[in-house]
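Novice: Chain by chain, the residues run as shown.
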Amino acid sequence: MAYQSYVLICGGTACFSGGGDKIVEAFHNELKAQNLDTTVQVVTTGCLGFCEQGPIVKILPQGTFYVQVKPEDVKEIVAEHLVKGRVVQRLCYDPEQAKKLVAEANIPFYQKQYRIVLRNCGVIDPEKIEDYIARDGYKAIEKVLFEMTPEQVVEEMLKSGLRGRGGAGFPTGMKWKFAQQQPKGQKYMVCNADEGDPGAYMDRSTLEGDPHSILEAMIIAGYAIGASKGFIYIRAEYPLAIHRLQVAIKQASELGLLGKDILGSGFDFEIELRFGAGAFVCGEETALLQSIEGNRGMPKPRPPFPAVKGLWGRPTVINNVETLANIPVIINKGADWFNKIGTATTKGTKVFALTGKVNNSGLIEVPMGTTLREIIFDIGGGIRGGHQFKAAQTGGPSGGIIPPQFLDTPIDYESLAKIGSIMGSGGLIVMDETDCVVDIAKFYLDFTVDESCGKCAPCRIGGRKLLNYLKKISDGRGTEQDIADMKAICDAMNKASLCGLGQTASNPVRSTLQYFMDEYMEHIKEKKCRSGKCSKLVQYTIDAAKCKGCTMCARKCPAGAITGSVKQPHAINPAKCVKCGACEATCKFGAISHG
Amino acid sequence: MAKLTLDDLRKMRGDKQKAMEMRDNSNKDVQVIVGMGTCGIAAGAKETFTTLIDTLTEKGITNVLIRQTGCMGLCHSEPTVEVVVPGMPAVIYGHVDAATAKDIVEKHIVGHQLIDSKICDRPSIDIIKNG
Numbered sequence: 001m002a003y004q005s006y007v008l009i010c011g012g013t014a015c016f017s018g019g020g021d022k023i024v025e026a027f028h029n030e031l032k033a034q035n036l037d038t039t040v041q042v043v044t045t046g047c048l049g050f051c052e053q054g055p056i057v058k059i060l061p062q063g064t065f066y067v068q069v070k071p072e073d074v075k076e077i078v079a080e081h082l083v084k085g086r087v088v089q090r091l092c093y094d095p096e097q098a099k100k101l102v103a104e105a106n107i108p109f110y111q112k113q114y115r116i117v118l119r120n121c122g123v124i125d126p127e128k129i130e131d132y133i134a135r136d137g138y139k140a141i142e143k144v145l146f147e148m149t150p151e152q153v154v155e156e157m158l159k160s161g162l163r164g165r166g167g168a169g170f171p172t173g174m175k176w177k178f179a180q181q182q183p184k185g186q187k188y189m190v191c192n193a194d195e196g197d198p199g200a201y202m203d204r205s206t207l208e209g210d211p212h213s214i215l216e217a218m219i220i221a222g223y224a225i226g227a228s229k230g231f232i233y234i235r236a237e238y239p240l241a242i243h244r245l246q247v248a249i250k251q252a253s254e255l256g257l258l259g260k261d262i263l264g265s266g267f268d269f270e271i272e273l274r275f276g277a278g279a280f281v282c283g284e285e286t287a288l289l290q291s292i293e294g295n296r297g298m299p300k301p302r303p304p305f306p307a308v309k310g311l312w313g314r315p316t317v318i319n320n321v322e323t324l325a326n327i328p329v330i331i332n333k334g335a336d337w338f339n340k341i342g343t344a345t346t347k348g349t350k351v352f353a354l355t356g357k358v359n360n361s362g363l364i365e366v367p368m369g370t371t372l373r374e375i376i377f378d379i380g381g382g383i384r385g386g387h388q389f390k391a392a393q394t395g396g397p398s399g400g401i402i403p404p405q406f407l408d409t410p411i412d413y414e415s416l417a418k419i420g421s422i423m424g425s426g427g428l429i430v431m432d433e434t435d436c437v438v439d440i441a442k443f444y445l446d447f448t449v450d451e452s453c454g455k456c457a458p459c460r461i462g463g464r465k466l467l468n469y470l471k472k473i474s475d476g477r478g479t480e481q482d483i484a485d486m487k488a489i490c491d492a493m494n495k496a497s498l499c500g501l502g503q504t505a506s507n508p509v510r511s512t513l514q515y516f517m518d519e520y521m522e523h524i525k526e527k528k529c530r531s532g533k534c535s536k537l538v539q540y541t542i543d544a545a546k547c548k549g550c551t552m553c554a555r556k557c558p559a560g561a562i563t564g565s566v567k568q569p570h571a572i573n574p575a576k577c578v579k580c581g582a583c584e585a586t587c588k589f590g591a592i593s594h595g
Numbered sequence: 001m002a003k004l005t006l007d008d009l010r011k012m013r014g015d016k017q018k019a020m021e022m023r024d025n026s027n028k029d030v031q032v033i034v035g036m037g038t039c040g041i042a043a044g045a046k047e048t049f050t051t052l053i054d055t056l057t058e059k060g061i062t063n064v065l066i067r068q069t070g071c072m073g074l075c076h077s078e079p080t081v082e083v084v085v086p087g088m089p090a091v092i093y094g095h096v097d098a099a100t101a102k103d104i105v106e107k108h109i110v111g112h113q114l115i116d117s118k119i120c121d122r123p124s125i126d127i128i129k130n131g
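Protein sequences appear in the order of chains A and B. Anchor point for the first sequence: position 170 equals 170 in the numbering used here, and the numbering is continuous, going up by one each time. Anchor point for the second sequence: position 75 equals 75 in the numbering used here, and the numbering is continuous, going up by one each time.
Careful: at least some of the hints might be erroneous.
To be verified - Keeping only pairs whose Cα atoms sit at most 20 Å apart, straight-line, the calculated SDA-like set for lysine to any residue is: (1) B:K46 / A:V247; (2) B:K3 / A:S253; (3) A:K128 / B:K18; (4) A:K143 / B:L9; (5) B:K11 / A:G256; (6) A:K139 / A:H28.
No wet-lab data here; the hints were simulated from the structure. Note that the structure is predicted; figures quoted are calculated from it, not measured.
In isolation and in its complexed conformation, chain A is listed as follows:
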């Protein structure tokens, strides 16, 4: 038989440890006592995300939220709410009160996400243009093409304060203005969908979930700058996003939303896809343009900026996927609405791909000015497996590593730059105490050395040298002089590299040197890696109490580092040990361990 009501009890770790299981039991008992167990279903759910207010009980279909519920409250909820249909005010989550909580800096989870870019992701069918249209899709081009001049559109963008979400944060309106001011003629609008940071997938998800929003934004941008042709530069590793874009372009063209004389306005605009082969440097705008033209993807010195001389020497605007996804909403709701969201210097929201050692990895969108603590602990649900938060990495290989003391920094372009990281495209990797900072810096440097195009010396040689130093330290051969040399190389790369890749490649090293010098020193002086990640620094020891003196290990050791007589405890000479682990594997008595 069908149930009439549902009691959802949060089964998240936090709520359950707060007595959630007892509440489930109490509901079962009480419903049975009231003969309601056939009309009310009790269900435990995944984390409802209100951990600070837990345990949480949600009653459906009314959708009433009860917070901080105790087992003794269950009787009252059943008698009042489920029998008489009266809400138990005392336990209710009250939106007004929630607002107060916000003011008191005790902000609950649900107030934190704010979906502009992801407004349609997970809501519409991305392969149906009607779904997008019904959600106010292609409404902004009505307004732009029929009611606004290109100058007004640019003015609106300037007023909105929108800044490029690709990483550097250049004001989008300014870019458009430069391109618009160029003499008439062929101009190009390019969408940068070459998302390459390890751990970042915001743009991919946006394109997969809402491809039409990008097409609409490109039409708006094309109209504003006077371009009739657009390119979407997307990496070939994103087959699903490519497929959905192709479907979207086909549908929009069939309906006349792309092509000649859009909606009878007289404005022509077409979009073509260009596939990248997955070179990280091609996310840099001048290299990206080279790649679209069919050349090897290498950056060019700026100026001239692409807005003046871009694709085939013509004025070109390049905007990132996330930047573009904001634009239709800004046009529909107005710049004044948009510039009220965010911080003084950075307006709007930011999408983060939250990954690493957090409980709820996922795609989130928060207003600028949200703190890392809110993102990691409230939305992300804290660190996995009860470990300690050690650091957060933003901005991928170009970003820095942020230590715990900056968890409460409100995130915007300026604040992140101040603490030695960058906003980047929005990858956010959380690390715990089992991660080693030297190892992390080595990982990122390895990536940028691999991806460096090799055109300029600071990046090509500097990156390689930095990586060698990091390897040396991680192998236990580092000296204090190395640290000084690394700092000098970081500065040189930052100042002298040709493009953003080289200028920022040293950030992971810089920031770890700044905040985790003690760990570097441990590696150098004590030859110790506290997380055990640097395998060469592992020390093998023999427990004399357990050693039977069987001599197996000494015979296996390829370096002759183990000595001892038969039936006497053996010992390892750390100076000779090559940390191969053969001794530990061969010992039948568990006498050999490493740490």
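Based on these hints, arrange chain B on the given structure of chain A.
Specialist: Chain B only, in chain A's frame:
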């Protein structure tokens, strides 16, 4: 399809909005929405999707509209499936493998019972501010 004029586009939007409000998708009053971003597919959403279709066909149920959508943001619980049955709360299930997909059809759609322990809900859909 013919090229749209401004009025056509507006009419199309109005019609579609009305259709969505009434949830009237040609007599299909139950909606099942599967998260089919790369994250969902990697976690097995395609298998979930086919199991849903197969089970519905097997049972001769015709009033269910199966849709796909992009990433719902709950990547840690993929594959995710949203089920909207009239008279029942709209619910998001997480970690929907083939067995759970079968349960969704048999228990939720036919039996009008929520499936315990697989509900993910959407923590904040009613409160998340939409742009």
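Novice: Among the hints numbered above, which are violated by the structure, and what are their numbers in rising order?
Specialist: 6
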